[in-house]
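A.B. asks: Sequence order for the protein chains is A and B. Residue 209 in the numbering used here sits at position 209 of the first sequence; the count goes up by one each step and never skips. Residue 276 in the numbering used here sits at position 276 of the second sequence; the count goes up by one each step and never skips.
These aren't lab readings, by the way, just hints derived from the structure by calculation. For each residue, glycine too, the CB sits at the ideal point set by N, CA and C. It cannot be assumed that every hint is accurate.
[What the hints assert, rightly or not] Taking lysine to aspartate or glutamate pairs in the EDC-like style, the calculated list, with each CA pair at most 20 Å apart, reads:
no.	chain 1	residue 1	chain 2	residue 2
1	B	K173	B	E248
2	A	K259	A	E248
3	A	K259	B	E170
4	B	K106	B	D84
5	A	K259	B	E163
6	A	K259	A	D172
[To be verified] Chain B regions said to be covered by chain A (calculated; three or more residues, Cβ under 8 Å):
no.	region
7	25-38
8	51-60
Listed here are the chains, written in short residue letters.
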Amino acid sequence: MFGALLVAGIVHGLIIGLAALAVTLVFGIARFPNAAAGDTMTAGAYAGLLAHQASGSLALAGGAAVAASGAVSLLGYLLVFRPLARRPVASLLVAAIGVAFVIRAVLGLIFGHQQQVFQVPLAWPIEFMGLRIPPMDITLATVAACALAAAFGVLHLTSIGRQMRAVADDPDLARVSGIRPLRVMIALWLLAGAAAGIAGLMLGVKTVVSPEMGWEGLLTAFAAAILGGIGSPAGAVLAGLLLGIAQEVSTPYVGFTYKIALAFVVMLAVLLVRPRGLFGRMEGVR
Amino acid sequence: MEAYLVAIAIIGAIYVLLTLGLTLQYGLTGLVNFGHVGFFAIGAYASAIVSMQGVPLVASFAFAALLAALAAWPIGLVALRLRDDYFAVVTLGFGETVRLAITSEKWLTNGVQGIPGIPRTFAGLGVGLPGALATLAAITLVCVAAALALRRITRSPFGRVIEAIRDNEEALKALGKDPARFKIQVLALGAALAGIAGAFYAHYITYLSPDQFIPLVTFYVWMAMIMGGVGRVSGAVVGALLLMLFLEGTRFLRDIAPDAISGVAMASLRLGAVGLALILFTLFRPQGLVGDYTRR
Chain A
1 MFGALLVAGI VHGLIIGLAA LAVTLVFGIA RFPNAAAGDT MTAGAYAGLL AHQASGSLAL
61 AGGAAVAASG AVSLLGYLLV FRPLARRPVA SLLVAAIGVA FVIRAVLGLI FGHQQQVFQV
121 PLAWPIEFMG LRIPPMDITL ATVAACALAA AFGVLHLTSI GRQMRAVADD PDLARVSGIR
181 PLRVMIALWL LAGAAAGIAG LMLGVKTVVS PEMGWEGLLT AFAAAILGGI GSPAGAVLAG
241 LLLGIAQEVS TPYVGFTYKI ALAFVVMLAV LLVRPRGLFG RMEGVR
Chain B
1 MEAYLVAIAI IGAIYVLLTL GLTLQYGLTG LVNFGHVGFF AIGAYASAIV SMQGVPLVAS
61 FAFAALLAAL AAWPIGLVAL RLRDDYFAVV TLGFGETVRL AITSEKWLTN GVQGIPGIPR
121 TFAGLGVGLP GALATLAAIT LVCVAAALAL RRITRSPFGR VIEAIRDNEE ALKALGKDPA
181 RFKIQVLALG AALAGIAGAF YAHYITYLSP DQFIPLVTFY VWMAMIMGGV GRVSGAVVGA
241 LLLMLFLEGT RFLRDIAPDA ISGVAMASLR LGAVGLALIL FTLFRPQGLV GDYTRR
């Protein structure tokens, strides 16, 4: 029982980790908690669903999810967040909620509100050290691992990734050093969107696809981003795993509905006790 | 027709109360409260549950305000240590957690089945127009009192301090004021207003369930405040009325063409319209329709 919950927790945690990665990148570099991240995930899930229905290939679905979420994310930046860059953070927060609502409304209008599922073939669970692991979980975990590797590759091995981290550390210094902010921001929103897209696709395969799915996962993603330390991609992923496992393992005790509340409690505790999270920079959250 | 007008007037007045609470918190003090619906829900459920135990409505309304204000207390304690953006996330989480608690704690709230048969305000006058008119009179009175109190606050030393918190907290600290105390008071006051609004809502609708308290309600109130003009008492009233016009207008649209637009499609359209309004107002008219033009 515990082992099965642990496996479920790891897969769930990878989904949270990817969503938290999207949140923490934007929070660390564009400096506001993007409430539209959840609905960007939903966009990816629907795009993946369409591609999967058309082709039956999970790889193609992944590509579609990344493309759609990346596009939605970039569009949000260019149309809304970029013009608001010099405004107080409250404006950005309200606008992000607005973007989230618009994305969810459009998806609701196109696809309707009934829940849809990925038609994936049933397969026997694989027995491993007394644990029964569904093959789909292994596939999803691999997908997530690849996506994470790609994201970290971009962040640490490419020039644009280094520039992004430089902007995250000190925007003014980065500017003075000749880093072009627009390019960095475009790359950032594309990367964050792509991570959200994969997270949405995985969540959709694992549960059901509905217009509300992303919004419902948003709070957990925020909690993981804060627990990991804002601006720390590795922290976000680790915190996502921790939260995912904690949520699954605690479900038998606290019940299904309090899963999200658990994330809220963790978030509060972190903010009060150690506001920089596990790996965050020393920066004032207060 | 009269019954319909009275009904939207009552709901409109409930939104005026909610908007006044948010105006105090965000408009005047700069606290980004994304969990307003949580205080609204606490007030509604508190008054409903207590009144169904036989407590007179006057006392249950007071209890609703008190409980909502008390719920704001811990949030305030957290708030005074957090930056705006973190505070927004925390309050968003608070609102959702309240709804989850209402869904889960069936022994108290009857879960998703909801609480039916909540006693009406002025039940002695019957369920028809006289009772509704009396309710409207009562809530209008409360709105006027709250608006006057807010206006009074903006001209008092207390008001100057909270506006200074919004404009420059560091400078205020340098002057030897303690922003923390003021923030908690403002949160509790705004929450109490939301709690009273919730009590009116509960005893007017007479049925409560968790899905009436989704985050969208919070952003209806934000939309009202932003449309009306942030930080102005008159703006809160204008905004809430515009909001009612919008909500009822979209309902009319569906009544005229029920075949063209299904119920769920209309829900999506409404959501999209709210989102678009939030985006467009922040982008192009952050001071609202009757707001202060000298400031952005």
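A.B. asks: Compare the structure with each hint and give your call.
C.D. replies: Verification of the supplied hints:
1. B:K173 to B:E248: 45 Å, violated
2. A:K259 to A:E248: Holds, at about 8 Å.
3. A:K259 to B:E170: The given pair, whose Cα atoms are some 38 Å apart, is violated under the 20 Å limit.
4. B:K106 to B:D84: Judged against 20 Å, a Cα distance of about 34 Å means the pair is violated.
5. A:K259 to B:E163: Outside the cut-off at roughly 38 Å; violated.
6. A:K259 to A:D172: Judged against 20 Å, a Cα distance of about 40 Å means the pair is violated.
7. 25-38: holds (count 4)
8. 51-60: Violated: only 0 residues of the region 51-60 of chain B have a Cβ under 8 Å from chain A.
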